[in-house]
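Asker: The lines below spell out each chain.
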Amino acid sequence: MDPIILGIAVVNGVILGGLYGAIAIGLSLIFGVMRVINFAHGSFLMIGLFIPYWLWQLFGINPYVSVLAAAPALFALGYAIQAVLIAPLYRRERAMVVEPVSALMLTAGAGLIMDNVTFMAFGPDFRGITLDFASKALWIGDVLNINYTRLAAFLVSLALTALLSLFLVRTDLGRAIRSTAQNRDAAALCGINVMRIYNVTFGLGCAVLGVVGCLMIPFYPVSPSIGLAFGVRSFITVVLGGIGSIPGCILGGLVLGIVESVAAQFVTATSASIFSFMIFILVLFFRPTGLLGMKV
Amino acid sequence: MKPKMFFVIAVAMSLTFWTVTVLAGEKVAEVKLGSVMSLSGGAANQGTQTKTGAIIAADEINAKGGIPALGGAKIKLIFGDSQSKPDVGASETERIIQRENVPIMFGAYQSAVTTVTTEVAERYKTPWLVTGSVADIITQRGFKYTFRPNNKAVYDANEQLQAIKTLTQETGKGPKSIGILVEGSDWGKSHAANLRKLAKEMGYELVFDEAYSPGTMDFSAQILKIKSRKPEAMVMAMYTPDHIVFTKQMYEGRLDIPFGIHSVGAGSEDPNFYKAVPVQAIEYMFVQEDFQIDITELVDWTKPVDKKFAEMLGYPLTSYGAQGYSAMYTIYDVLQRAGSLDKEKIREAFVKTNITSGPALIMGWQKIAFDKDGQNVDAHGVISQNFKGKRTTIWPVANRPKGIKPVWPIPAWKDR
Amino acid sequence: MATQPNDRNRVLTATAAAIFLVAIPLGVTDEYYLHVFVATLYFAYMASAWNIVCGYTGQLSLGHSALSGIGGYVSTLLLINAGLSPWIGMIVGAIGAAAVGVLVGWPCFRLRGPYFALTTIAFAEILRIWTENTEEIFGIELRGAQGLSVPLKGHAPLLFQFDGKLPYYFIILAMLTAVMAITWWMERSRTGFYLKAIRADQDAAEALGVNSTRYLLSAMAISSFLTALGGSFYAQYFRYINPERNMGLDFSIELALMGIVGGQGTVLGPVLGAFLLTPAGELTRATLGGKFPGLHIVIYGLVLILGMLFLPKGLIQPLRRLLGRKATASRSEETAA
Numbered sequence: 001m002d003p004i005i006l007g008i009a010v011v012n013g014v015i016l017g018g019l020y021g022a023i024a025i026g027l028s029l030i031f032g033v034m035r036v037i038n039f040a041h042g043s044f045l046m047i048g049l050f051i052p053y054w055l056w057q058l059f060g061i062n063p064y065v066s067v068l069a070a071a072p073a074l075f076a077l078g079y080a081i082q083a084v085l086i087a088p089l090y091r092r093e094r095a096m097v098v099e100p101v102s103a104l105m106l107t108a109g110a111g112l113i114m115d116n117v118t119f120m121a122f123g124p125d126f127r128g129i130t131l132d133f134a135s136k137a138l139w140i141g142d143v144l145n146i147n148y149t150r151l152a153a154f155l156v157s158l159a160l161t162a163l164l165s166l167f168l169v170r171t172d173l174g175r176a177i178r179s180t181a182q183n184r185d186a187a188a189l190c191g192i193n194v195m196r197i198y199n200v201t202f203g204l205g206c207a208v209l210g211v212v213g214c215l216m217i218p219f220y221p222v223s224p225s226i227g228l229a230f231g232v233r234s235f236i237t238v239v240l241g242g243i244g245s246i247p248g249c250i251l252g253g254l255v256l257g258i259v260e261s262v263a264a265q266f267v268t269a270t271s272a273s274i275f276s277f278m279i280f281i282l283v284l285f286f287r288p289t290g291l292l293g294m295k296v
Numbered sequence: 001m002k003p004k005m006f007f008v009i010a011v012a013m014s015l016t017f018w019t020v021t022v023l024a025g026e027k028v029a030e031v032k033l034g035s036v037m038s039l040s041g042g043a044a045n046q047g048t049q050t051k052t053g054a055i056i057a058a059d060e061i062n063a064k065g066g067i068p069a070l071g072g073a074k075i076k077l078i079f080g081d082s083q084s085k086p087d088v089g090a091s092e093t094e095r096i097i098q099r100e101n102v103p104i105m106f107g108a109y110q111s112a113v114t115t116v117t118t119e120v121a122e123r124y125k126t127p128w129l130v131t132g133s134v135a136d137i138i139t140q141r142g143f144k145y146t147f148r149p150n151n152k153a154v155y156d157a158n159e160q161l162q163a164i165k166t167l168t169q170e171t172g173k174g175p176k177s178i179g180i181l182v183e184g185s186d187w188g189k190s191h192a193a194n195l196r197k198l199a200k201e202m203g204y205e206l207v208f209d210e211a212y213s214p215g216t217m218d219f220s221a222q223i224l225k226i227k228s229r230k231p232e233a234m235v236m237a238m239y240t241p242d243h244i245v246f247t248k249q250m251y252e253g254r255l256d257i258p259f260g261i262h263s264v265g266a267g268s269e270d271p272n273f274y275k276a277v278p279v280q281a282i283e284y285m286f287v288q289e290d291f292q293i294d295i296t297e298l299v300d301w302t303k304p305v306d307k308k309f310a311e312m313l314g315y316p317l318t319s320y321g322a323q324g325y326s327a328m329y330t331i332y333d334v335l336q337r338a339g340s341l342d343k344e345k346i347r348e349a350f351v352k353t354n355i356t357s358g359p360a361l362i363m364g365w366q367k368i369a370f371d372k373d374g375q376n377v378d379a380h381g382v383i384s385q386n387f388k389g390k391r392t393t394i395w396p397v398a399n400r401p402k403g404i405k406p407v408w409p410i411p412a413w414k415d416r
Numbered sequence: 001m002a003t004q005p006n007d008r009n010r011v012l013t014a015t016a017a018a019i020f021l022v023a024i025p026l027g028v029t030d031e032y033y034l035h036v037f038v039a040t041l042y043f044a045y046m047a048s049a050w051n052i053v054c055g056y057t058g059q060l061s062l063g064h065s066a067l068s069g070i071g072g073y074v075s076t077l078l079l080i081n082a083g084l085s086p087w088i089g090m091i092v093g094a095i096g097a098a099a100v101g102v103l104v105g106w107p108c109f110r111l112r113g114p115y116f117a118l119t120t121i122a123f124a125e126i127l128r129i130w131t132e133n134t135e136e137i138f139g140i141e142l143r144g145a146q147g148l149s150v151p152l153k154g155h156a157p158l159l160f161q162f163d164g165k166l167p168y169y170f171i172i173l174a175m176l177t178a179v180m181a182i183t184w185w186m187e188r189s190r191t192g193f194y195l196k197a198i199r200a201d202q203d204a205a206e207a208l209g210v211n212s213t214r215y216l217l218s219a220m221a222i223s224s225f226l227t228a229l230g231g232s233f234y235a236q237y238f239r240y241i242n243p244e245r246n247m248g249l250d251f252s253i254e255l256a257l258m259g260i261v262g263g264q265g266t267v268l269g270p271v272l273g274a275f276l277l278t279p280a281g282e283l284t285r286a287t288l289g290g291k292f293p294g295l296h297i298v299i300y301g302l303v304l305i306l307g308m309l310f311l312p313k314g315l316i317q318p319l320r321r322l323l324g325r326k327a328t329a330s331r332s333e334e335t336a337a
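Residue numbers (the numbering used here), protein chains in the order written: chain A, 1 to 296; chain B, 1 to 416; chain C, 1 to 337.
No wet-lab data here; the hints were simulated from the structure. These numbers were taken from a predicted model, which means no experiment stands behind them. Treat the hints with caution; some may be incorrect.
Sample of chain C residues at the chain A side, in silico, Cβ under 7 Å [to be verified]:
| no. | residue |
| --- | --- |
| 1 | Leu60 |
| 2 | Pro107 |
| 3 | Leu118 |
| 4 | Thr119 |
| 5 | Ala122 |
| 6 | Glu125 |
| 7 | Ala181 |
| 8 | Gly294 |
| 9 | Ile297 |
| 10 | Val298 |
| 11 | Ile299 |
| 12 | Gly301 |
| 13 | Leu309 |
Chain B side only, calculated, beta carbon under 10 Å to chain C, not exhaustive [stated by the list, open to error]:
| no. | residue |
| --- | --- |
| 14 | Gly47 |
| 15 | Phe79 |
| 16 | Gly80 |
| 17 | Ser111 |
| 18 | Val116 |
| 19 | Lys125 |
| 20 | Gly142 |
| 21 | Leu255 |
| 22 | Pro304 |
| 23 | Glu311 |
| 24 | Met312 |
| 25 | Pro359 |
What follows is a set of in silico ranges between Cβ atoms, one per label pair, in the way DEER data are often shown [claimed, not checked]:
| no. | chain 1 | residue 1 | chain 2 | residue 2 | range |
| --- | --- | --- | --- | --- | --- |
| 26 | B | Val377 | C | Phe20 | 49 to 55 Å |
| 27 | C | Trp87 | A | Gln57 | 31 to 37 Å |
| 28 | C | Ala174 | A | Thr130 | 56 to 62 Å |
| 29 | C | Asp163 | B | Ile137 | 18 to 24 Å |
| 30 | B | Gly314 | A | Leu6 | 41 to 47 Å |
| 31 | A | Ala87 | C | Trp87 | 48 to 54 Å |
Quick reminder that beta carbons are idealized off the backbone N, C-alpha and C, glycines included.
Go ahead and model the full structure; you've got the sequences and the hints to work with.
Answerer: What follows is the structure, encoded as structure tokens:
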């Protein structure tokens with residue numbers, strides 16, 4: 001195996017991996033705090049891709065600017081779904097422990113509705129955008145080229161992760177979220193409004209997808225059906241990196257990206273995805289807390 | 001609401017729903033044609049386009065007075081959604097044949113679905129006109145009621161290589177090696193299998209031969225490999241999202257393929273693909289599809305169809321829309337000759353089909369006739385080359401517009 | 001501790017249902033309706049088989065489609081390559097699936113809650129992707145993503161192929177009765193007793209000396225065996241199987257949905273779920289599918305959400321109250337879960 005090709009594969013894997021990590025952050029956060037597996041995660045990403053698409057298509061707004069609209073919109077959507085659909089589950093159970101199956105199925109139902117209402121509204125077509133600078137790449141030497149928009153997505157993903165981690169550690173709201181994740185009863189005793197924290201966390205997890213969507217749309221097309229595949233991939237990333245650990249997500253994403261990219265050099269890409277699943281399973285068996293996760 | 005109440009209400013609603021549907025009667029004095037299409041799920045795009053084409057044709061026929069041989073009966077189309085799943089398609093076929101008593105059915109775009117639905121139709125002795133499905137097996141089972149006007153998969157592969165051969169003969173220059181990149185589910189893989197066989201027979205060397213996972217976000221790995229193996233021509237079978245991503249990355253990476261990229265449709269037939277990639281990226285790309293894409297500029301009577309289609313879906317007539325349109329006029333021709341709604345008479349009319357002119361040939365074929373297996377052996381695809389964002393037919397030579405000269409070999413990126 | 005009148009109630013209802021189910025197809029001539037019945041019974045069967053693991057161990061499996069795929073592929077491959085009747089082939093496939101189920105389950109049952117679910121998804125996806133990519137193995141043609149067509153033999157009862165729908169109806173009805181009987185027996189057996197304890201609190205049960213692995217794996221083996229039989233039935237009824245539909249996540253979710261909406265951990269629950277959701281799905285698709293594609297799935301999602309919010313224990317909950325069953329057993333089940 002040509003070391004240059006291998007090296008390039010690793011670089012490309014890293015670039016994509018950072019993005020995978022960012023996509024998975026919301027899932028990790030939501031699961032870490034509320035122990036809910038958001039089966040609709042991919043569907044939120046899909047909406048996060050449609051918003052900048054339509055803003056560009058109808059008003060010519062640059063997707064990087066659309067973040068200002070997409071992130072709040074997705075925050076609101078996530079907040080609403082948590083508050084309206086999932087919160088009743090909590091209120092019903094006395095110990096505020098949701099039976100995981102119910103919440104999972106509930107979010108699955110929400111995902112189905114989101115996917116298909118979007119389908120009914122926009123049709124099945126794949127929509128992509130072309131930006132002038134989107135086709136330009138950063139050339140290193142003669143062989144390695146990194147597309148600017150992908151590079152930007154990678155860098156912003158890292159920045160976002162750092163910001164989020166800082167937020168969780170430094171701000172009051174962030175600390176409230178972390179303490180609720182550690183022990184909700186104790187948090188409640190400290191005067192934290194646990195239900196409100198849940199709502200905000202869910203909203204925050206979805207808002208991240210709004211940002212990511214704007215980063216992705218320049219190089220990746222969207223259609224109402226792409227949700228499930230991204231959801232599954234996010235599960236793998238989260239487990240790899242460790243539930244509840246934000247930096248872990250990026251790490252998990254990087255591992256996934258590199259494994260996919262390198263494996264594709266040795267086997268056909270279709271079989272390479274088996275490797276991702278296998279690593280996922282191995283991690284769950286031998287190191288269930290993931291690379292950086294906290295004890296479940 | 002108390003759970004008990006909810007339960008009772010739910011049961012009552014279901015029963016009412018059920019009763020109403022059963023009681024809703026049937027209308028008379030029209031010809032019902034049944035169709036199963038992928039209107040939701042992964043193949044919804046193509047299914048919707050086919051449906052639209054059929055509707056346009058049916059409206060035209062009805063506006064001109066319906067089907068004369070049946071006393072001016074108007075066409076009523078009944079669509080069932082296969083949800084892109086074979087068993088759902090089978091369900092819908094059962095339902096439409098049983099409940100609606102249709103004499104003919106058509107569909108279903110996806111080979112996996114059509115394989116199953118044609119078998120159901122065969123059991124009910126109902127003629128089925130295939131649209132869009134290319135799997136060879138569909139017309140290899142000795143069925144009497146299945147008729148396919150479009151290409152079998154093996155024709156597609158053959159045509160791509162024939163076109164390369166033709167261009168080589170015309171210019172004296174041609175590729176010695178070929179690379180294959182296909183999507184990893186049944187369509188891509190079967191196309192690759194056909195290509196492999198034919199390419200070997202025709203003496204090409206296969207230096208790159210891979211499938212990728214549908215929905216891949218990053219083709220840098222494959223592009224790297226292609227660059228290192230240097231195939232002189234590339235054949236691709238990709239669906240829309242993959243084609244968009246690959247084309248963008250190929251363009252960024254300035255991938256040079258001396259004798260061009262030959263795409264066998266799907267993604268490269270989708271108008272959304274062309275909206276999502278820069279024009280320079282697809283320059284000189286060859287596209288094989290069932291439909292002669294520039295027919296709407298060359299043949300006058302196709303223009304209103306194109307216009308209507310664009311009104312309904314927002315983009316110009318596609319191959320699938322044309323297939324739906326063609327299917328309607330083929331059925332019209334059959335019904336005219338059968339003069340009855342009896343399925344056996346209709347089947348015999350299908351067998352004797354020999355269309356050599358008219359709207360059914362909107363695809364660009366010269367003839368529609370079915371061999372003993374129900375396959376139209378005169379079906380052929382049309383290969384076009386992209387010039388400044390427009391596809392212009394270059395093969396078969398009989399369909400090539402006058403004065404058009406294909407660009408062969410393809411200039412390198414730095415020379416453009 | 002069911003009381004006398006309740007016992008009689010239940011026996012009466014059960015007999016009435018049995019007579020209804022046996023008689024109904026004889027009176028219905030519309031092949032489409034028969035098809036809907038067969039499909040409904042098929043999903044009821046599959047959901048019940050799924051329920052044996054998931055309802056009684058409390059672990060959510062979203063990979064059961066793989067087991068059905070194994071069953072379907074093995075019986076079809078044996079038919080195509082060895083001419084072996086699917087009646088025997090399906091048993092072979094089921095044994096294979098049981099083995100796979102135990103092999104996979106053994107490490108998986110150490111995981112709890114959502115991790116278990118995600119792992120089952122991973123295993124099923126690995127099998128699906130591998131099958132999609134494999135054209136042939138050891139000389140046997142798998143045809144990868146293109147799937148397998150069951151050779152058409154016309155009316156051949158010995159080869160599990162029939163001309164009409166009635167034979168299929170009665171076969172699946174028999175299979176459903178069998179799986180319900182197995183579930184019912186298991187509930188009342190020692191295995192079922194231990195499973196309930198494990199489901200309530202695995203650590204406590206183990207502290208009391210229950211070998212949870214053994215019982216969990218037994219349930220898994222039985223469930224896998226039965227699910228695979230269902231896969232073979234599918235192959236023989238539709239005469240076509242492919243990895244995407246028969247090993248895919250969609251199908252696993254459908255099974256889980258029916259089991260949960262109907263009421264997992266009960267004999268009747270999954271059957272109820274299938275009886276409600278399958279015809280409802282057919283109906284909405286039939287009336288709305290052609291005109292408003294996608295709407296029927298939105299309705300599906302709504303049913304799911306409403307079910308989870310108002311009837312978390314499934315449809316079986318109000319049905320029990322309707323039938324006046326106030327056994328203490330059911331009450332303790334509710335608090336235990």
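Asker: Run every hint past the structure and note whether it holds.
Answerer: Against the structure, the hints come out as follows:
| no. | hint | result |
| --- | --- | --- |
| 1 | Leu60 | holds, 5 Å |
| 2 | Pro107 | holds, 5 Å |
| 3 | Leu118 | holds, 5 Å |
| 4 | Thr119 | holds, 6 Å |
| 5 | Ala122 | holds, 4 Å |
| 6 | Glu125 | holds, 5 Å |
| 7 | Ala181 | violated, 26 Å |
| 8 | Gly294 | holds, 4 Å |
| 9 | Ile297 | holds, 4 Å |
| 10 | Val298 | holds, 5 Å |
| 11 | Ile299 | violated, 9 Å |
| 12 | Gly301 | holds, 3 Å |
| 13 | Leu309 | holds, 6 Å |
| 14 | Gly47 | holds, 8 Å |
| 15 | Phe79 | holds, 4 Å |
| 16 | Gly80 | holds, 6 Å |
| 17 | Ser111 | holds, 8 Å |
| 18 | Val116 | holds, 5 Å |
| 19 | Lys125 | violated, 13 Å |
| 20 | Gly142 | holds, 9 Å |
| 21 | Leu255 | violated, 25 Å |
| 22 | Pro304 | violated, 25 Å |
| 23 | Glu311 | violated, 19 Å |
| 24 | Met312 | violated, 15 Å |
| 25 | Pro359 | violated, 24 Å |
| 26 | B:Val377 / C:Phe20: 49 to 55 Å | holds, 53 Å |
| 27 | C:Trp87 / A:Gln57: 31 to 37 Å | violated, 57 Å |
| 28 | C:Ala174 / A:Thr130: 56 to 62 Å | holds, 59 Å |
| 29 | C:Asp163 / B:Ile137: 18 to 24 Å | holds, 22 Å |
| 30 | B:Gly314 / A:Leu6: 41 to 47 Å | holds, 45 Å |
| 31 | A:Ala87 / C:Trp87: 48 to 54 Å | holds, 52 Å |
Hint compliance for this structure: hints 7, 11, 19, 21, 22, 23, 24, 25 and 27 are not met, and every other hint is.
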